[in-house]
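J.: Starting from the structure of chain A, add chain B where the hints point.
Given next are the chains, with one letter for each unit.
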Amino acid sequence: MTAATTTKQASNKTNLSGGWPVAFWFLLPSLIGFTLFFFVPTLRGFYLSFTDWNLLGNEGEFIGLENYRTLAGDDNFYDSMLTTLWYVVLNIGSQTILAIMIAVMMDRLTKSTTIRSILLLPWLMPNVVVALLWLWMLDGNFGVVNAFIDWLPLGGLFGDGPFRFFQDVGKVIPAIAAINTWKFTGYTALLIFAGLQTIPKSVYEAGAMDGATELQMFRNITLPLMRPVLALVLVLTIVGSFQVFDIVQVATGGFGGQPGGPVNASRVIYLYIFQNAINFNDLGYAAAISVVLVIILLGVTALQMRLLRAGESDLA
Amino acid sequence: MRNKTLRLFAALLALAMVAAACGGGDDDGGGSASGEAPSFDEAVAIDYWLWDANQQPFYEQCAADFTANVQPNISVTIEQFGWGDYWTGLTAAFASDSAPDVFTDHLARYPEFVESGVLVSLNDLVDRDGVDVDQYFPGLAELWTSPDGDRFGLPKDFDTIAMVLNEDMLADAGITVEEFASAEWNPDDGGTWGELIQRLTIDANGVRGNEDGFDSSNVAVYGFGLEGAFGAFGQTTFSSFAASNGYVATDEPWANEANFGDEELAETIQFFADWIAAGYVTPIEDVESLGGTTIFQEGGAATQTNGSWMISTLSGDATTVPVAYAPLPVGPIGERRSMFNGLADSITTSAENPDAAWEWVKYMASPACQEVVGEGAVVFPAIPSAAEVAQEAHTANGVDVSAFTVHVDDGTTFLFPINDSASRVEDAVGPVMQQILRGEGSAADLLPAAAEEVNSILGG
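Order-wise, the sequence lines are chains A and B. Position 298 of the first sequence, counting from 1, maps to 298 under my numbering, and the rest follow consecutively. Position 198 of the second sequence, counting from 1, maps to 198 under my numbering, and the rest follow consecutively.
Calculated from the structure, these hints are not laboratory results. Note that the Cβ used here is the ideal one computed from N, Cα and C, for glycine as well. Do not rely on the hints blindly, as some may be mistaken.
What the hints assert, rightly or not - Some but not every residue of chain A turned toward chain B, in silico, with C-beta under 7 angstroms: (1) Leu56; (2) Gly57; (3) Gln167; (4) Phe255; (5) Asn264; (6) Phe280.
Next comes chain A alone, as it looks inside the complex (with noise of 0.2 angstroms):
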């Protein structure tokens, strides 16, 4: 993929045949670590989706389709996608409208630094620490968010507490698709400030000219004119977030729950597809579904590409 973009960017552009050899040379270490760590495990993983490979004796057949016909009819699958798409939808839309609120206003109200940077706090943390943070903070027993809950005059407007956001069938996804906004927002709204930045000031200035508000021209000037990048940033996004695993496997897991419960409520297709493989050695299985997620995703992100025309700029 690598060589190829740079292939059609050396043609179309300037002659730089000359630097192919250094460019190589360049390409090199990322092409190694690709290779060896990206393109054979991608390999080999398709391979073991066909075969009944077995994690702990590290051996398997090849048995053709089998797992994929066992995956069409497997409930557990269907399920587990539904969660995750579930927690995608929370996750992806109320990550994307803060980001693109907090890096409007930075783009237009402030261009303080260090205000960049304690956006980027949350998601410089590791997260098998958020997830052990929020465990404890949303606790139905002793977490601060509780208690904090009390002590808004709300007067039961959310039902009466404690919330056991974790232990709540309905509550447990909407609670860690909040968990990974908080995580990610700043992260977000870093991409999409750096995309605003292309912007040229003069549009904001013609607009202010014509008497528009800035409601108006974040609706007319910004929100147009950052289609690519926000598609750009919607790819990376909706993708980690199919990804969802650690903080479920730990949040959820808790002090005595089952991950990914309760009432596997929480099953993401991650879990599903490590508790095949870890839990029941069924390494082939796991990578059958593993197959069909990538594929589910590349048909996600090449739709969205085409929906959100990322390939042309109005500015041009």
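T.: Chain B only, in chain A's frame:
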């Protein structure tokens, strides 16, 4: 020019793939156990894993004795991992060919290891050295024999279940330990056991569960605390009650079907769901978030059921709750029932020197080591004489553990329902149990469907 570069790329790619393919090849690791007598002229290092930190010091002692007195050329390194990390760590270790030579094995897990072919059969070694497998409590050694007749572990200890009682709370309610010891339970109204539990329950206003005006939505102390989420087999939770109601999980070890659809099980699970709703038993949400033993030790529940391996934790110096033990209640079948479970040590096919590993396993399964472990008063060793040592050590600590041993003495035990797909069965039944205990469906409706799924797993 470009073509040449592309060719170079392709060549490099191919090279990298070949290299990776070579690196990924398996080596068989370790030979099979041969019939020759072992000789250890050179130093051998054995890697041994266990999960119980409380037992580690005593096995360290065993290992030191073993090297000093039995096999000077074999040294044992013990590694301890918490229960949760232990099994994922072991799986990862097997997959990466870095598994320990010997590890503490569990009845729920070993059939899956056997199926994957990573455990060494001990038959020839047991025969060669004439190890007496009848020296253990009856039934313990047979638990580790597969339907093919292969033995995959030598017993190290056993465990049973008993009622754990908060003495202060009992005294406040005017209840004696003897009343619990003679209590009867049934799934309809809880029996005399249920009455005791109701009396021990106190709501936020100080009203007891058996008094008028008891507020089930605002309970301060629950009469009975669940030890944990139920799962499929409920070793420390529902299994004793269900078994004393006549439930048998599988008709035989390694069975191809289980009885999760049985009425006796549904009645038992429904009893606990109803009693959670009535405010006498800890809500499953609290148990999942805090852990049942934590709730008990913090005074949130007056009683619980727990395993004998927890005695040193429950009665240890670190606890503030004064604890007494009582045998489990007598159920509708007219007897009490406790799961009788045991651990064993297994040798992995990754062991570089299976003969040396066997020497260590044999030593751990012998009176010499089991008496050392017994003196530690953490678990009951599998050899009766060593178990007596443990019981005396407990008595010397001022702890009466007869509530646990009475099940063995009276023969009121049942064995763990060994099956070859315990993880999948757990995964099929566990969530259904969570659903029932949350009051989101009745046991009679939900368990039969789970039973069908389990039977298709076991039969398949």
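J.: Does the structure break any of the earlier hints, and which numbers would those be?
T.: When the structure is compared with the hints, none of them turns out to be violated.
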